[in-house]
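**Student:** The primary structure of each chain is shown beneath.
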Amino acid sequence: MNTLLIVLLIIMEISQIHFLYVTVRDALNQALDEELERDERVFLLGEEVAQYDGAYKVSRGLWKKYGDKRIIDTPITEMGFAGIAVGAAMAGLRPICEFMTFNFSMQAIDQVINSAAKTYYMSAGLQPVPIVFRGPNGASAGVAAQHSQCFAAWYGHCPGLKVVSPWSAEDAKGLLKSAIRDDNPVVFLENELMYGVPFEMSEEAQSKDFLLPIGKAKIERQGNHVTLVSHSRMVSLCLDAAAVLAKEGIECEVINMRTIRPLDAEAIETSVMKTNHLITVEGGWPQFGVGAEILARIMEGPAFNFLDAPAVRVTGVDIPMPYAKILEDNSIPQIKDIIFSVKKTLNV
Amino acid sequence: TGVMPSKKIQLFYHRNYYILKYIKIENFHFELFLFIFWKKCDLHKLEEGPPLQAVLTREEGLQYYRTMQTIRRMELKADQLYKQKIIRGFCHLYDGQEACAVGIETGINLSDHLITAYRAHGYTLTRGGTVREIMAELTGRRGGIAKGKGGSMHMYTKHFYGGNGIVGAQVPLGAGVALACKYLGNNEICVCLYGDGAANQGQIFETYNMASLWKLPCIFICENNKYGMGTSVERAAASTDYYKRGDFIPGLRLDGMDVLCVREATKFAAEHCRSGKGPILMELQTYRYHGHSMSDPGVSYRTREEIQEVRSKSDPISMLKDRMLSNNMASVEELKEIDVEVRKEIEDAAQFATTDPEPPLDDLCNHIFYNDPPMEVRGTNPWTKLKSVS
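Top line first, the protein sequences correspond to chains A and P. Per the UniProt record's numbering, the first sequence starts with residue 1, numbered consecutively. Per the UniProt record's numbering, the second sequence starts with residue 1, numbered consecutively.
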């Protein structure tokens, strides 16, 4: 056994295969660092982003490296600093505006929608707004109702915005870099529970110019029997559910949306036309949500005729998030909920 | 005016202001300068205010007159077109407040920045827009400054960030522009306007805080026209001393109907910002003749007598005209000629604005994103896919 291991290690060294595990947090940090270095107009502002190293340590080390001019601590005044960020973008800078969580973005949502998203259109192309709004979104652990809302559907509703929701470390890095380089307002929905999760980072992803296209989903796992479409942390649950179902001979195709808006309907349709079954999985509330939109599009598109069963949604429970652990655990989709829904859809 | 000694100085009192008339003759070429003195403006946390006098040259006088008259006539024409239903939706007219827009612009450079709320037609003009483009935008035509897609409240030019519909939202935006000026080190400033109604908005106080903390080169200007829509200042604000509301931000209050007063105060404020002292606040006391918008007759919350009194005693254009005429800076005929030219410009613009075609339907979905490849946009039904280009 030991010799086998040694042989393996030698082979790895010879062939230069380096497994690098990077947490989502570090991937985001790398993306921020690289983009700040690349373009002087890029700067970061938000609560505790500078001297505190970031409320969730995403901006760790950046203030030390780039200083007060480019990493700016703001007072607790979301509407004000979001508006300031949008104004700076209008005047030629490339701000990254951090909301400590997207729940607080509601204080500033007028600036995101009315000042950022709509301006390029209202000015008929005279005034672009190259800004990124980023921060953790959705349920966390034990933070209760006011701190647990998912805003994917709210922002995904609005023309003029791009809305991105990464899952893995590669997603986080490639998509954040693309978002910062994008000349339009991008809402970048991270997830607090994913920050500490390590992922394998390919050689390609380690490069300073690694970009992932906004608007393109990724198939994380191939399968023939049912399509599971998800975003952010729920992708992990889908993969876990798929692993369990595989033992029973059910092969799930798991799609990581990566972007909420523009939605990669084509990728979903192609998959549904192969598997004939669709389940969407999200952490947010069901009504008027991400899953609702996907199902509507499937109804209206070419994939409808390929469905062997109604497409369904697995979502958070339609209630404000409770505090007690047992209640919280039962307010968001669990692996067993996905497995249950797959079996119901496949009628097994 | 014939043969005169080489210098002649006259001092007299006219309409609350002292005017010193100074005529200099050299080689049969005479220049006329008016030095106008006014009372000190109200100061808050400032040791000194703007200078108490200004020099008005003939050329300047004529230029200010022309611009103010253009704004006046343009707004009145918009009133007409709105009543004919050629302009729709919101239309917030600026007549009465011309001295603010013109005075501010003469106190800054075109390379500086400006942002205001929805009563923006006057500023669109002073910031480089043409009457044609402005009127065609009001009538929603393809020749409009925003190709017909913005309308009255969403007009933009270089270094002019609109035209903003949400009350107060433009103030943080303006501070953001000022942040960019400081960041880029270009010695430019941002003038950030809001009304007496907006002055109570929370986000404005958030902005005061950050602008002051970070010493942003931002001139906050409150155009106090005494009414926020139908609510008078006494009914809306616990403190109507808007120039003091910035608290730790120095402020000044002045007569917004006097274009020279506004100019000098703006120059003073701009100097304050450019020297790195941080933001400053100006309150311009002004008046709008029209109601809040075209759907407001403007007489349910104020009397016709009040409006008439302002018109006869404090009209900004009349004030400048009187000054120039009574000091032989210009003749009645000259000013009449300017009036005729302005009227013609407005007529031509209105003609264009009513005959230019509406934007083409295939422009409907354009300008969603900048610098992006063309994309598809869902129409009103699943079978309609519309094209969108940057």
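Just so you know, the hints here were simulated from the structure itself, not pulled from any lab data. What you are looking at is a predicted structure, and each value in this text was computed from that prediction instead of being measured. All C-beta atoms, glycine included, are put in the ideal place defined by N, C-alpha and C. Any given hint might turn out to be false.
Said to hold, decoys possible - Below are the EDC-like pairs computed for lysine to aspartate or glutamate, each with C-alpha atoms no more than 16 Å apart in a straight line:
no., chain 1, residue 1, chain 2, residue 2
1, A, 69, A, 40
2, P, 385, A, 266
3, A, 216, A, 182
4, A, 216, P, 372
5, P, 385, A, 300
6, P, 77, P, 341
7, A, 274, A, 251
8, A, 216, P, 376
9, P, 149, P, 372
10, A, 65, A, 39
11, A, 69, A, 47
12, P, 244, P, 42
13, A, 208, A, 47
14, A, 65, A, 40
15, A, 208, A, 39
16, P, 215, A, 182
17, A, 69, A, 33
18, P, 215, A, 73
What the hints assert, rightly or not - Label-pair restraints from in silico Cβ distances:
no., chain 1, residue 1, chain 2, residue 2, range
19, A, 216, P, 370, 42 to 50 Å
20, A, 244, P, 363, 47 to 55 Å
21, A, 304, P, 377, 19 to 27 Å
**Student:** Against each hint, give a clear statement of whether it holds in the structure.
**Tutor:** A quick look at each hint next to the structure:
With a C-alpha separation of about 10 Å, the suggested pairing of residue 69 of chain A with residue 40 of chain A holds against the 16 Å cut-off. Our distance criterion of 16 Å between C-alpha atoms is met by residue 385 of chain P and residue 266 of chain A, whose separation comes to about 14 Å. The hinted pair formed by residue 216 of chain A and residue 182 of chain A meets the criterion: a straight-line CA distance of about 15 Å does not exceed 16 Å. Our distance criterion of 16 Å between C-alpha atoms is met by residue 216 of chain A and residue 372 of chain P, whose separation comes to about 14 Å.
Between the alpha carbons of residue 385 of chain P and residue 300 of chain A the distance comes to roughly 12 Å, so the proposed pair stays at or under 16 Å and holds. With a C-alpha separation of about 15 Å, the suggested pairing of residue 77 of chain P with residue 341 of chain P holds against the 16 Å cut-off. For the given pair, residue 274 of chain A sits about 12 Å from residue 251 of chain A by alpha-carbon distance, which is consistent with the 16 Å threshold. Restraint check for residue 216 of chain A and residue 376 of chain P: satisfied, since their Cα atoms lie roughly 15 Å apart, inside the 16 Å limit.
A hinted pair counts as satisfied when its Cα atoms are at most 16 Å apart, and residue 149 of chain P with residue 372 of chain P does not qualify at roughly 19 Å. Restraint check for residue 65 of chain A and residue 39 of chain A: the C-alpha separation of about 15 Å stays at or below 16 Å, so the hint holds. Distance check on the hinted pair: residue 69 of chain A and residue 47 of chain A sit about 15 Å apart at the alpha-carbon level, within 16 Å; holds. Taking the CA atoms of residue 244 of chain P and residue 42 of chain P, the gap is near 10 Å; set against the 16 Å cutoff, the hint holds.
Proposed proximity of residue 208 of chain A and residue 47 of chain A is contradicted: the alpha carbons are some 27 Å apart, above 16 Å. In summary, the hint linking residue 65 of chain A to residue 40 of chain A is supported, as the alpha carbons are separated by about 13 Å, within the 16 Å threshold. In summary, the hint linking residue 208 of chain A to residue 39 of chain A is supported, as the alpha carbons are separated by about 13 Å, within the 16 Å threshold. Taken as a hint, the residue 215 of chain P and residue 182 of chain A pair is broken in the structure, with Cα atoms around 29 Å apart against an allowance of 16 Å.
A distance of roughly 15 Å separates the Cα atoms of residue 69 of chain A and residue 33 of chain A; the hinted pair therefore holds under the 16 Å criterion. Among the hinted pairs, residue 215 of chain P with residue 73 of chain A is consistent with the structure: their alpha-carbon atoms are about 14 Å apart, no more than 16 Å. Evaluation of the 42 to 50 Å hint for residue 216 of chain A and residue 370 of chain P yields a failure: the beta carbon distance comes to about 20 Å. Judged by the Cβ atoms, the range 47 to 55 Å given for residue 244 of chain A and residue 363 of chain P holds: they are separated by roughly 52 Å.
The hint said 19 to 27 Å for the Cβ distance between residue 304 of chain A and residue 377 of chain P, and at roughly 21 Å that hint holds.
The earlier numbered hints that this structure contradicts are 9, 13, 16 and 19.
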